[in-house]
Amino acid sequence: MKKGQEEVESKENDEEEEGVEEVNDLSGRPVLLLKKDSEQFNNADMGLAHTVHKIVKGGIQRVEGNRVYLRVAKENLTEEELYKLIAYLDRKIAAPNNLYFDQFLYEDGQLSFRISNPSLTMQKPTKVDSASGIAQAVYKRRKDIQTLAGVRVDETGIGSGEDVVPVERSQRDQLFIPILAVSAMTICALLSVLASTIIRRRRDSNKKMLPILPQTIGQDDKIYAELCRQKAETIPHSVAVIEGSGQRSKHSSTSSFHENETFGASNGSDMDIGTGHVLLAFLQKHLENPDEINKQWESVKEYEASEEVAQCKVAKREENGGKNFDGGTLPYDESRVQLHENDLAELSDGKGYINASMIFDSNPEQPAYIAAQTPLEQTASQFWQMIWEQGIGLIVNLCDKGDNYFKYWPEEGVKLFGCFEAHLVSEHIWSEHYVIRSLYLKNTATQETRTVTQFHFTSWAAGGVPASNKALLEFRRKVNKSYRGRASPVLVHCTNGSGRTGTYIMIDMTAKRINKGVKELNIAASLEHLRDQRMKMVENEQQFKCVFSCIADEISLLLKGIQH
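Mapping of the sequence shown onto full-length UniProt numbering: position 79 corresponds to residue 79, and the numbering continues sequentially without gaps.
Read the hints as simulated data drawn from the structure, not as lab findings.
For glycine and all other residues, C-beta sits at the position ideal for the given N, C-alpha and C.
Any given hint could be a false lead.
[As the list claims (entries may be wrong)] Label pairs and their calculated CB-CB ranges:
# : residue 1 : residue 2 : range
1 : Ser431    : Gly517    : 24 to 34 Å
2 : Glu427    : Glu528    : 32 to 42 Å
3 : Arg486    : Pro364    : 50 to 60 Å
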């Protein structure tokens with residue numbers, strides 16, 4: 001017995017001499033490392049600089065492995081500089097990797113923040129999946145950070161406060177220029193040798209080919225044309241396009257390529273060229289013959305969801321009457337967005353009601369959009385609560401310059417909406433048709449922060465169509481480029497949340513289906529699908545026709561990209 005106790009005490013003394021360091025991984029679970037081993041844990045800098053590491057007997061240091069810090073050259077950053085820096089980190093590092101950065105802490109020239117993954121079940125792998133990787137990503141972008149936010153980053157690493165493990169330092173860059181110079185000289189030498197070899201071989205081959213050139217001039221084009229003609233005759237392309245009347249019309253298009261070959265890979269589209277031409281011909285046929293579109297519109301203009309689905313009991317409650325724009329467009333009980341009732345929001349009088357609807361496309365588990373009315377002054381705090389609870393990062397605002405609506409964002413500085421504090425970080429007027437705003441949102445009850453981007457299209461009057469199809473499609477591409485990698489729905493709103501909102505969602509939804517390589521189009525059925533989830537989506541024939549023309553323009557652009 002005595003011997004066993006001596007062995008245990010000896011083991012404990014050995015551990016005490018080596019020192020133990022506790023480190024949290026990205027998911028928050030503690031990991032124990034020996035101090036001598038911690039130099040190699042997520043720390044590419046250790047051992048490169050002339051640093052003396054002392055191991056203190058019995059010393060224990062706790063490093064938060066789910067926090068990343070960055071040390072800046074300037075001791076006291078202004079509030080505006082902090083907002084710009086945080087917005088840059090969220091836009092360039094957090095969003096592309098499906099991560100959230102929150103619990104920001106700034107003290108003595110050190111900014112630290114917590115890393116969390118909002119959806120651990122996502123099938124899409126992240127590019128950066130560790131705290132050290134994020135620290136390295138921040139350090140690699142230090143020049144962009146200094147240009148855009150005016151802040152110079154000298155060091156990044158894991159942890160917060162004094163308990164940190166550096167990953168990257170500016171001292172490591174001292175060898176960069178000499179190494180770059182040597183590498184450049186080596187590459188130049190190799191290129192010179194390669195160029196001289198190629199020139200010598202071409203000169204020799206030209207000498208050999210000169211006697212037969214007169215016999216082949218003009219023949220290669222004829223041979224190529226004949227090969228293409230023969231191949232086109234053997235590979236027919238036919239695509240059935242389902243029209244709104246339910247009848248099928250068959251069109252054929254010949255091409256020198258296989259039907260299932262993907263032409264749009266270069267621009268992110270899986271639409272093949274044969275299908276593109278057939279779909280474009282179908283749309284142009286309807287646009288050139290207004291009676292065709294009118295016939296389809298007449299078949300769907302009165303369409304409503306089934307009586308079982310189209311229940312609006314919550315929206316029609318007396319206490320919710322003042323929360324609707326005009327009472328003409330209400331969310332169905334089955335698809336409405338429900339706000340959570342808790343101590344952070346005053347929802348006791350409305351049972352978590354807001355005039356907004358979930359819109360699903362192909363995935364029944366994940367809404368692709370939230371269609372909503374523009375918030376009223378008395379519902380602005382609930383609007384921001386919905387954005388917070390649904391994890392929304394992108395807002396598409398379709399209110400026209402001439403609309404009379406409440407601006408739920410600060411035109412400058414900061415504005416408080418209930419327990420949510422909205423900061424305007426930047427506002428860019430990209431054209432006469434749309435504006436892009438970057439907002440910094442803070443939950444004052446929990447001190448958590450997020451960034452939200454608002455895309456505001458300002459040239460679309462209520463009940464009408466966009467001033468320019470080209471401008472709207474360009475606007476849509478910017479929205480989708482910013483959306484990549486996000487798992488949350490896109491919030492789309494106009495004054496009543498139906499006419500312009502439904503038209504935009506229908507254009508975007510149809511264009512995405514075409515990009516995925518669908519072979520059929522049924523605009524009327526797509527409208528019925530939207531109206532099963534929110535009433536009065538696409539208000540009139542003019543807006544219905546706008547869907548046809550915008551999709552035709554989008555396919556034309558895709559075909560040009562494929563052909564080039």
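Comparing the hints with the structure gives:
1. For Ser431 and Gly517, the hinted distance range of 24 to 34 Å is satisfied, since their beta carbons lie about 31 Å from each other.
2. At roughly 38 Å, the beta-carbon separation of Glu427 and Glu528 lies within the given 32 to 42 Å, and the hint holds.
3. Taking 50 to 60 Å as the suggested C-beta distance range, the pair Arg486 and Pro364 does not conform, at roughly 19 Å.
Going through the hint list in order, the structure does not satisfy hint 3, though it satisfies all others.
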